[in-house]
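**Student:** Starting from the given sequences, assemble the full structure and let the hints guide the process.
There are 2 protein chains.
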Amino acid sequence: MKNLKYYLELIRAKNCLTASFGTIVGGLIASGFKLDLMYNILIASFIVYLICGFGNALNDIYDIEIDRINKPFRPLPSNKISLKNAKIFSWLLVTIGLLLSMFNNVCFVIAIINALALYLYAKKYKRNKIIGNLMVAYLTGSVFIFGGASVNNIGITLILFLCAMFATWSREIIKDFEDMEGDLKEGVMSLPIKYGKKSLYIAGIFLMVAVVLSPLPYVMEMFGEIYLVGILLCDILFIYSIVKLLRAPSKNSAKKSSKNIKYVMNFVCFCFIIGSILK
Amino acid sequence: MKNLKYYLELIRAKNCLTASFGTIVGGLIASGFKLDLMYNILIASFIVYLICGFGNALNDIYDIEIDRINKPFRPLPSNKISLKNAKIFSWLLVTIGLLLSMFNNVCFVIAIINALALYLYAKKYKRNKIIGNLMVAYLTGSVFIFGGASVNNIGITLILFLCAMFATWSREIIKDFEDMEGDLKEGVMSLPIKYGKKSLYIAGIFLMVAVVLSPLPYVMEMFGEIYLVGILLCDILFIYSIVKLLRAPSKNSAKKSSKNIKYVMNFVCFCFIIGSILK
Numbered sequence: 105m106k107n108l109k110y111y112l113e114l115i116r117a118k119n120c121l122t123a124s125f126g127t128i129v130g131g132l133i134a135s136g137f138k139l140d141l142m143y144n145i146l147i148a149s150f151i152v153y154l155i156c157g158f159g160n161a162l163n164d165i166y167d168i169e170i171d172r173i174n175k176p177f178r179p180l181p182s183n184k185i186s187l188k189n190a191k192i193f194s195w196l197l198v199t200i201g202l203l204l205s206m207f208n209n210v211c212f213v214i215a216i217i218n219a220l221a222l223y224l225y226a227k228k229y230k231r232n233k234i235i236g237n238l239m240v241a242y243l244t245g246s247v248f249i250f251g252g253a254s255v256n257n258i259g260i261t262l263i264l265f266l267c268a269m270f271a272t273w274s275r276e277i278i279k280d281f282e283d284m285e286g287d288l289k290e291g292v293m294s295l296p297i298k299y300g301k302k303s304l305y306i307a308g309i310f311l312m313v314a315v316v317l318s319p320l321p322y323v324m325e326m327f328g329e330i331y332l333v334g335i336l337l338c339d340i341l342f343i344y345s346i347v348k349l350l351r352a353p354s355k356n357s358a359k360k361s362s363k364n365i366k367y368v369m370n371f372v373c374f375c376f377i378i379g380s381i382l383k
Numbered sequence: 105m106k107n108l109k110y111y112l113e114l115i116r117a118k119n120c121l122t123a124s125f126g127t128i129v130g131g132l133i134a135s136g137f138k139l140d141l142m143y144n145i146l147i148a149s150f151i152v153y154l155i156c157g158f159g160n161a162l163n164d165i166y167d168i169e170i171d172r173i174n175k176p177f178r179p180l181p182s183n184k185i186s187l188k189n190a191k192i193f194s195w196l197l198v199t200i201g202l203l204l205s206m207f208n209n210v211c212f213v214i215a216i217i218n219a220l221a222l223y224l225y226a227k228k229y230k231r232n233k234i235i236g237n238l239m240v241a242y243l244t245g246s247v248f249i250f251g252g253a254s255v256n257n258i259g260i261t262l263i264l265f266l267c268a269m270f271a272t273w274s275r276e277i278i279k280d281f282e283d284m285e286g287d288l289k290e291g292v293m294s295l296p297i298k299y300g301k302k303s304l305y306i307a308g309i310f311l312m313v314a315v316v317l318s319p320l321p322y323v324m325e326m327f328g329e330i331y332l333v334g335i336l337l338c339d340i341l342f343i344y345s346i347v348k349l350l351r352a353p354s355k356n357s358a359k360k361s362s363k364n365i366k367y368v369m370n371f372v373c374f375c376f377i378i379g380s381i382l383k
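Protein sequence lines, in the order shown, are assigned to chains S and L.
Mind the numbering: the first sequence is residues 105 to 383 in my numbering, read in order.
Mind the numbering: the second sequence is residues 105 to 383 in my numbering, read in order.
Among the hints, a few may not be true.
One copy or two, it doesn't matter: identical chains are merged, so the pair holds either way.
[To be verified] Straight-line Cα separation of at most 25 Å, SDA-like style, residue types lysine to any residue; simulated pairs:
hint, residue 1, residue 2
1, Lys-118, Ile-217
2, Lys-230, Ile-217
3, Lys-138, Asn-208
4, Lys-360, Met-142
5, Lys-298, Met-324
Rather than coming from a laboratory, the hints here were simulated on the basis of the structure.
Because the structure is a prediction, the values reported are computed rather than measured.
**Tutor:** So, in structure tokens, the structure goes:
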């Protein structure tokens, strides 16, 4: 049983749960909260859990040398799990995940793309955040579409995917602004390292894309006016967060802004849920 | 030789050339017009030609019964090429295309995704334009990224990809608005059929996403002020086209607007080329 605890640590179980939760949200919204499709949604969220776990384990496998210094308490550098077992375990996760995803063609394709993206991220793009940010943004957004695909209704989750992707992309850049010092020391490349404060304008542009896309579910008559009111409030908060950051860019204001954007993103999710229930 | 002419008709050679040209533009911009990378770019544009030809041939193969009535002069319904030969030829094109694309990992992955998308489009989503539009938009944008990938510099072409994708998505919806009558008769589903005039607001939102993204190459210091001036002019023309259409939506104004947007898109390409040369 102690071993299980280490494996849950290796795959960062909480982080996987968050991703699974996103899939459930996507599935419920796409199915209009029809509970007879709950079986598909739960399978999809389990697959997301497995593949997310694969990605997280892979990160630790590739980082084992750095973690011996930076995070010696992690399961691999502390030898609580052997490198060989971690490798077998992570490939087992992705294999089961991909096999299960065959229940739906679109899910299968997304699962393959995501597994590939997670592999490339762990191997290469974690140290080149310029591309890495986009991968994280895509992967974050994709959990919603995965839920939608599992109930054969991608439509609305496609919008949630795009909004989540661009908002996450923006937030990752802001987080990189906050982490600039550490990244410079470790030789990691990021937009803020390359462009300095100007990178926050890039973050601003991506956040504006999410804002521009956000009324789509209302325009497409998927959701009603309550959604519109909620999402416009979110948009105002997004704009406020980024304008405040652009006016006084610092490590501290970046930290605050990235936190705010995270809260607003959760509220966006909430608006989609409410929109879907009250439509 | 006459046979060759029919095969060129089957793959819609001109259309493939346009796609190839986009790849050359993407490659040149990404390589900063370094002509020693021209070999990679030409290979990439040849691959795009082949895979685009595969997609177009596949469209005719799946449409053979409809074309017997609507377009009896096409190579398949007029029996200038047998269905069997067309099938062999199209699979030959994609096989050679995919094999050649192995010269670069990213190109290979994009080529596989695009071949799959073209197959699904021909088989299914041509009749469901709601998804079909996104596929066409993605495929159009991807030719630029393919050129960038061939010279191992996706960066700038990623922005061109996103702008082209959202502008094309917008334009496809406007074109569907123009084609509503015909689509209704043939039982094709599209956003304008589902949402009527409101669909033009969706087109407007997607065009605004392209507009919001367009200054990125300037913000990222990839291109200078001449690019910024040119692209802001394009943005004004985009906004003018869509506002004019939204004020008086009709089949005729949709036709004009879609034509304008096409011209402006070419001008956007031109701005990227100029930006890349004069940076």
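**Student:** Now tell me, hint by hint, if it's right for this structure.
**Tutor:** Quick rundown of the hints versus the structure:
no.: 1; hint: Lys-118 - Ile-217; verdict: within (23 Å within a copy, 32 Å between copies)
no.: 2; hint: Lys-230 - Ile-217; verdict: both (17 Å within a copy, 24 Å between copies)
no.: 3; hint: Lys-138 - Asn-208; verdict: within (18 Å within a copy, 45 Å between copies)
no.: 4; hint: Lys-360 - Met-142; verdict: neither (37 Å within a copy, 46 Å between copies)
no.: 5; hint: Lys-298 - Met-324; verdict: between (39 Å within a copy, 9 Å between copies)
Hint 4 from the list above is the single one not met by this structure.
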